[in-house]
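Residue numbers (this note's numbering), protein chains in the order written: chain A, 117 to 368; chain B, 117 to 368; chain C, 117 to 368; chain D, 117 to 368; chain E, 117 to 368; chain F, 117 to 368; chain G, 117 to 368; chain H, 117 to 368.
You may find that some hints are simply not true.
A few chain H residues facing chain C, derived, Cβ under 10 Å [what the hints assert, rightly or not]:
no.: 1; residue: Asn209
no.: 2; residue: Ala210
no.: 3; residue: Gly271
Below, simulated DSSO-like cross-link-like pairs (lysine-lysine); rule was C-alpha separation at most 30 Å, straight line [to be verified]:
no.: 4; chain 1: G; residue 1: Lys367; chain 2: F; residue 2: Lys234
no.: 5; chain 1: E; residue 1: Lys234; chain 2: H; residue 2: Lys234
no.: 6; chain 1: G; residue 1: Lys367; chain 2: F; residue 2: Lys232
Hints in this document: simulated from the structure, not taken from any laboratory.
Using N, Cα and C, we set each Cβ at its ideal position, and we do this for glycine too.
Protein chains: 8
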Amino acid sequence: MDSSFLRDLLDRLQNGQIDTDTALEKLKMLPFEDIGYAKLDHHRNLRIGFPEVIFCEGKTSLQVSQIFTKLADCNSNVLATRASRDVYNAVNNACPEAQYHELARCITVEKEAVPKYKSPILVISAGTADLPTAEEAAVTAEIMGGNVTRLYDVGVAGIHRLFSHHELIMKAAVIIVTAGMEGALASVVAGLVDVPLIAVPTSVGYGASFGGLAALLAMLNSCASGIAVVNIDNGFGAAAMATSITRLAEKN
Amino acid sequence: MDSSFLRDLLDRLQNGQIDTDTALEKLKMLPFEDIGYAKLDHHRNLRIGFPEVIFCEGKTSLQVSQIFTKLADCNSNVLATRASRDVYNAVNNACPEAQYHELARCITVEKEAVPKYKSPILVISAGTADLPTAEEAAVTAEIMGGNVTRLYDVGVAGIHRLFSHHELIMKAAVIIVTAGMEGALASVVAGLVDVPLIAVPTSVGYGASFGGLAALLAMLNSCASGIAVVNIDNGFGAAAMATSITRLAEKN
Amino acid sequence: MDSSFLRDLLDRLQNGQIDTDTALEKLKMLPFEDIGYAKLDHHRNLRIGFPEVIFCEGKTSLQVSQIFTKLADCNSNVLATRASRDVYNAVNNACPEAQYHELARCITVEKEAVPKYKSPILVISAGTADLPTAEEAAVTAEIMGGNVTRLYDVGVAGIHRLFSHHELIMKAAVIIVTAGMEGALASVVAGLVDVPLIAVPTSVGYGASFGGLAALLAMLNSCASGIAVVNIDNGFGAAAMATSITRLAEKN
Amino acid sequence: MDSSFLRDLLDRLQNGQIDTDTALEKLKMLPFEDIGYAKLDHHRNLRIGFPEVIFCEGKTSLQVSQIFTKLADCNSNVLATRASRDVYNAVNNACPEAQYHELARCITVEKEAVPKYKSPILVISAGTADLPTAEEAAVTAEIMGGNVTRLYDVGVAGIHRLFSHHELIMKAAVIIVTAGMEGALASVVAGLVDVPLIAVPTSVGYGASFGGLAALLAMLNSCASGIAVVNIDNGFGAAAMATSITRLAEKN
Amino acid sequence: MDSSFLRDLLDRLQNGQIDTDTALEKLKMLPFEDIGYAKLDHHRNLRIGFPEVIFCEGKTSLQVSQIFTKLADCNSNVLATRASRDVYNAVNNACPEAQYHELARCITVEKEAVPKYKSPILVISAGTADLPTAEEAAVTAEIMGGNVTRLYDVGVAGIHRLFSHHELIMKAAVIIVTAGMEGALASVVAGLVDVPLIAVPTSVGYGASFGGLAALLAMLNSCASGIAVVNIDNGFGAAAMATSITRLAEKN
Amino acid sequence: MDSSFLRDLLDRLQNGQIDTDTALEKLKMLPFEDIGYAKLDHHRNLRIGFPEVIFCEGKTSLQVSQIFTKLADCNSNVLATRASRDVYNAVNNACPEAQYHELARCITVEKEAVPKYKSPILVISAGTADLPTAEEAAVTAEIMGGNVTRLYDVGVAGIHRLFSHHELIMKAAVIIVTAGMEGALASVVAGLVDVPLIAVPTSVGYGASFGGLAALLAMLNSCASGIAVVNIDNGFGAAAMATSITRLAEKN
Amino acid sequence: MDSSFLRDLLDRLQNGQIDTDTALEKLKMLPFEDIGYAKLDHHRNLRIGFPEVIFCEGKTSLQVSQIFTKLADCNSNVLATRASRDVYNAVNNACPEAQYHELARCITVEKEAVPKYKSPILVISAGTADLPTAEEAAVTAEIMGGNVTRLYDVGVAGIHRLFSHHELIMKAAVIIVTAGMEGALASVVAGLVDVPLIAVPTSVGYGASFGGLAALLAMLNSCASGIAVVNIDNGFGAAAMATSITRLAEKN
Amino acid sequence: MDSSFLRDLLDRLQNGQIDTDTALEKLKMLPFEDIGYAKLDHHRNLRIGFPEVIFCEGKTSLQVSQIFTKLADCNSNVLATRASRDVYNAVNNACPEAQYHELARCITVEKEAVPKYKSPILVISAGTADLPTAEEAAVTAEIMGGNVTRLYDVGVAGIHRLFSHHELIMKAAVIIVTAGMEGALASVVAGLVDVPLIAVPTSVGYGASFGGLAALLAMLNSCASGIAVVNIDNGFGAAAMATSITRLAEKN
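Using the sequences provided together with the hints, build the complete structure.
Pasting the structure below:
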């Protein structure tokens, strides 16, 4: 592509269709415009049906509302994460189609059809307190086209709850495990399956959980393999990773 | 399968082929034998062509040698990680086919044909000091059937080195980035691609790198998406994750 | 019990009381239902007179109130920890028998008789600021049937206060020590007795106490033996451990 | 006892058998001698059949050997922990009955009969690398009279291995779980049982395990109850706690 | 004193003034009552003119007010630290003589004459933001009888400000240095003098000051000698240490 | 100057204009007054056109307002950092010329002409959330005479955005890079240029960013050279360093 | 420059001196070759008289020796840091002109004349134990053309030693301060001058210095301005920053 | 003294014995020479009978030996801390009077009579493993003239051992407490006395002691007052502080 663009430009120069200065001007911009353009194009291709993402924390309701409606006006699908109900109200005034996912603290609008991937993404949470992060992952994966199943409140303190859903677990193509406190659920599930597992430590806990550090370290040190970790409470990041995996799986 | 096993058992009981006590004895063992068996079977299926893995650190040369040869005698493919040359010498005496990968500090033997996955796994290292971890990842992925390409010493201090391999990067199905010090390479690469990227912080650095903590935190906080992280220096874990992704991609 | 359940099922199958499919259906569920059921049953046995426990932090007053009354309606004893007075007011509206333990920040209701264990559990606090944690431990142990004595404000800065209750200490079967700041009281008491001691670091302190870390590390490094530690401010966990010990002591 | 000693002393004074000065001298020493004596006595009572314990780290072979033989000469049972083979050789020269427990890195000698407690103490290890700590716990508990069963290498990466020993686990009176890396095993086991569980984080791991910190934090944040934690690699401490529990259980 | 108390008791027993049981009862209580009493007495002796100290954080206005007036009613001098103006208002209502030291966040009442020590205690602060801690130290030392001089805002960024008070510094008997941020002032002052210096790290700072940790570590690692450190923001503790030093100096 | 002051003093003494005692008195004060004076003078020289700086955090609106107007009354240029709008309102009432820089949270007043340095200072931010810190740097540098260009929102997740401003970057004399999260932008930019780069980690991020620690460690461990780091969120400090560099560059 | 290269290329194409394919081939490589080349060229310009730098830690003597001689054979100036004497011996065998700087642990060879900058760089160390880092900075700056003065062992514990070199300090254009322990010297010096100061924390210290963390945090929190920090023990990095500043200063 | 020096100088100027330039030259140097001289003198006064101190860690045997003998040749008393036997051998060859204190790892030589302070300094250690630090404190205090009593192995695990030395403790003028592990002994002793107590955390311990961090934090958070802390293992620093206190006490 770069080559054909360049060949065309050079041919037009040799043919006298453009002069040296015109070609020079275009070529000067090329090194980065080209990369930028390719990248943008590439991104645009990738993003068909994908939401632009707004991280709301640290932004005012007005700022989020403006960015959101600007994106929605371009017929983009939009995802806003870490959005309080106040933020949603502001967005909703300006963009009535916007939907609020209370537990996930997400706002979405779907302007274009999202490609639907078939590979099942299973989102597991250890406890009910991990639901905000688990739902952020689930809602993110869904707006990106993921085929999401939820399996909540199956922490290791009552491990029979997990095992009673053995078949569900074995059918998943990618698994996201959200867990706070000691984060042990990620290792236990990873020991049962051979598909990629993305572990999300949550800040659920108190005292020596140090805001999710305990779960984070536990997941990084998992004795099981086929497991990788994202930042504390980063449901969005886990879903982005999971979606990039299912996209790859269905590209072939 | 569980069902057919159970149906057969119950039919034989109803038909009087076995009595209640015999059935009871078998069923008593089922809950875990069944899980165990299914798991083992599953594992066995997974492990066709896959190495059994021995983590050598904290084991004597004799111990590694005995485990290694016992596994190799079963015609398993075997992978031993974190193996010094002394450990290799011990293994080599007992198992002459064993090969040593000096940089990767790995010993392998391939007794069965490994299924070859086509999806390109690209292993990138930031500096030459990250090579042991990068090679551990590469050798692990290869013995597991991965189609591995290496791209080494392309750290962000001279980012043109990275960009001159733009095409190689864009063709990868899964990318493993190993980097110590500030670990910035993972974010830069993740910003260029839309495939899953597994970041491996290394303990390369000194002072405030705190044994790889700086790179680990950087990678967990990446502003790019489609990235997940494994433990410091855990080349093996990154390769296991990458292989589970390519396996999924080619299963479909 | 599992056996008798299974034997009964199999006998009924052999006797034609049920057919293969019915038995199959039940057995299919067994591996996990059985574990689950056994566990539930086991739990139910354990829980005779024991409260179901609700951790209120991060739950709304409404949520706690609904869970609480649902449990109380089943004639369970219920314990809710980390409950503010607001939460209690909501619970109390729905469940007038519910009692509030202000200092302990606990709500309890006792619907069934709790088995009373005789082994004395001694709950010690270093200072008055540790009382919320100490009372959480005491109230938890009591609702679980523990025979609790309280010994408060006997920190090591005036160690004669501790020693003047030497007899009380020597009579205890299990001791819970709650202490913040430097947490030294746990070691001092453990040096006086030969019964199991459960140390609870509290977040009482400022500056280099780092939210209870100083006391936690001190207790983990105790030079005395017969001591084990729970999470910072985890009065509930200490009481659960203490009760499991006294239950064991009185089972024999 | 204190009382009878005092009464006797006072009676002899009132009777003129001793004069004020003699009584004074004895009483002057009493406050601490008495405590000391009572404590020593108490300790001695406790220690019938119990070893005196020597922590070898940071002591020379000569120092350990001298302390060991001095204690053994008093017909005490002796336990030395963290003893290298060199230390053992020095001890063995001076005290030929001394036994070395290689894996546990412990030296023991049993001069007096140890009271045997019946309550089963189950020592579980997650991996083979945790064996030194697990064995330190097992050997310590045995020399203190514990009825120890070992269950090793049942980590959560292959959880069926754990469940296949379900009965063994359910029969235990006290459980010690030693685990490094993410330490998840402690939570999983605690979720299965209602007996006291003592969790021992080990320093097994690398990178973000930070010398056992990951496992320590995980265990402190366990979502299961009836669990308490000792210092990293502190097999001795876990056994001392377990023994104090079984002693209590059998006193009743 | 203990001796004379005991001798008197024993004499009265020998003389028949009391009987064995009476003596026994008293002696039974002695080991700890005696220590306790001696200690209390000792404390009372120490505390002539000294305030009882109330740490207000975590106490309600009502609680502080009640404790304060109860102590003041005994004609004790009282010091309450970390007291907000709200707390003071509550105290002031009940005890009109109570004085508020706004900057120091302290409440004092002086019912008895405080012994005045002559040795100059110099309280130095690095910046104006360190004044609350510096004033807590100064007010505490004054109510305990200290001869306090204040030298504020002489941080090392403009070290000439410090040196222009060289004589003041050289005349001090004990120096308290309060400093946040990098805490360098403590080392600089300690390098100028040969009197004991008590360093108080403050939580003044942001970012990598980590709540005073930077200053704390700096002070602990001072290259100067004759320096010791108290907890972050612990002005009270520094004054207590300083006063115990001047008391010693003037006892001789 | 010191010399001329001294020479004058000494001449006056030699000439009998002052006597020994008068000279002595002045000289006695000299060692520090002289340093102080010289330093002040030096500072005054340095500070021609430079603002006095007020760090507002931890000061009341009244305090800031009083300090600000006192400085402004001396015809000084004044800079107040970390100022909320409330603080500005108070300042503005007293000093109507004071300007508020909302994003930068700075208040400035320019009473004297600031010397304008020509060397371009480029202030780069990784994301929009880093703007408060970036603007604090920019506003500070401008009031100190810096020739500031802003390049915002060019983080490494879309590195083409950075490269499209390659020329701007190459023209800078000093570069300030503000970045939160993983802070990778500093290394990438430093790899492109050979001018001094000052890296400012920001507290932007969540979870394992630990309030900016991740970015701080990353920047300290940069694999690029010609880079130095200031405290988290310390835009002011970076600008002060940058200005001292440009001042040096233009002095020659 | 890029432009002239491009114009020339395009002119030759238009003139028929080269054909489209030749131009295409060159242009294809341009985006990165150009950046690379420009960068290389730039680097080459920068590096006239500058050493290529080899970080020896983690490399074998053979590896260092080979890299060193390969670079020296190109008539480059070479600097190897963190080189033991053994490494030097290996280098010296292959490259007899190589010089060893024992204290600095550096090897240098100067094949080309280094441009000499006039701006004085002052390298200060707090103690003698900081000399290796200080000398690494000094030797690095010298091989890069810096005009280096050394001022060693002037730590704040005897601050008069520092002040007796006041003139030397005031004359410096850039100052590097290396200090371990509490690192206070950096703040004190920065308070005296208005030139850029680069602070290098060293790992000198023990206990709560935590390998240089105390000094690092202190320097980051300096109350003085015009100061920036590099990694612990990073003398090389400080010199690279200082040289980039003096280069800038003398470019104008 | 400064005054007399200045008066003399000024008188000689007024009398024409020296001219303005000569006086100027001398006065120019005065600010620092004077301080330096005064300080040196002051130090010399302080140091009558006091050793110069050499911290041996990180110095070669040769370096220590040369510094030691150079100091001893000036008839100074010398103290070298952290000295191995090898270092001592080197010193002893050059300075035969040098004495080695094995446990304390100190070398001393006493050339001048040390002033003997009468105030008793009590050095307490919690365990035998704390002896190196305790002895470093004791030997340091003694060479500085301290009247030292040792009380070793009285840790809180057997607190009666401490109380049996109650009188010894009550007689001390200053107390140094060295303790590792949980460091509780410092608080217990501080609770018994009203004299200044210097707490020295030691690195004795393992696992979660984190090299003495646990004891350090515990001591900083002591609930007792009249206590201040020095760096981990810093016996020398504690003794220097203690000596400066006793010096003060006996100056009056």
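Here is how each hint holds up against the structure:
With a least beta-carbon distance of about 41 Å to chain C, the hint placing Asn209/H at the interface is violated under the 10 Å criterion. The criterion of a C-beta within 10 Å of any C-beta in chain C is not met by Ala210/H, whose closest approach is roughly 42 Å, and the hint is violated. Proximity of Gly271/H to chain C holds as hinted, the smallest CB-CB distance being about 5 Å (cut-off 10 Å). Under the criterion of a C-alpha separation no larger than 30 Å, the hint pairing Lys367/G with Lys234/F is consistent with the structure, at around 13 Å.
For the hint linking Lys234/E to Lys234/H, the alpha-carbon distance of about 21 Å falls within 30 Å, and the restraint holds. Under the criterion of a C-alpha separation no larger than 30 Å, the hint pairing Lys367/G with Lys232/F is consistent with the structure, at around 18 Å.
Checked against the numbered hints above, the structure breaks hints 1 and 2 and satisfies the rest.
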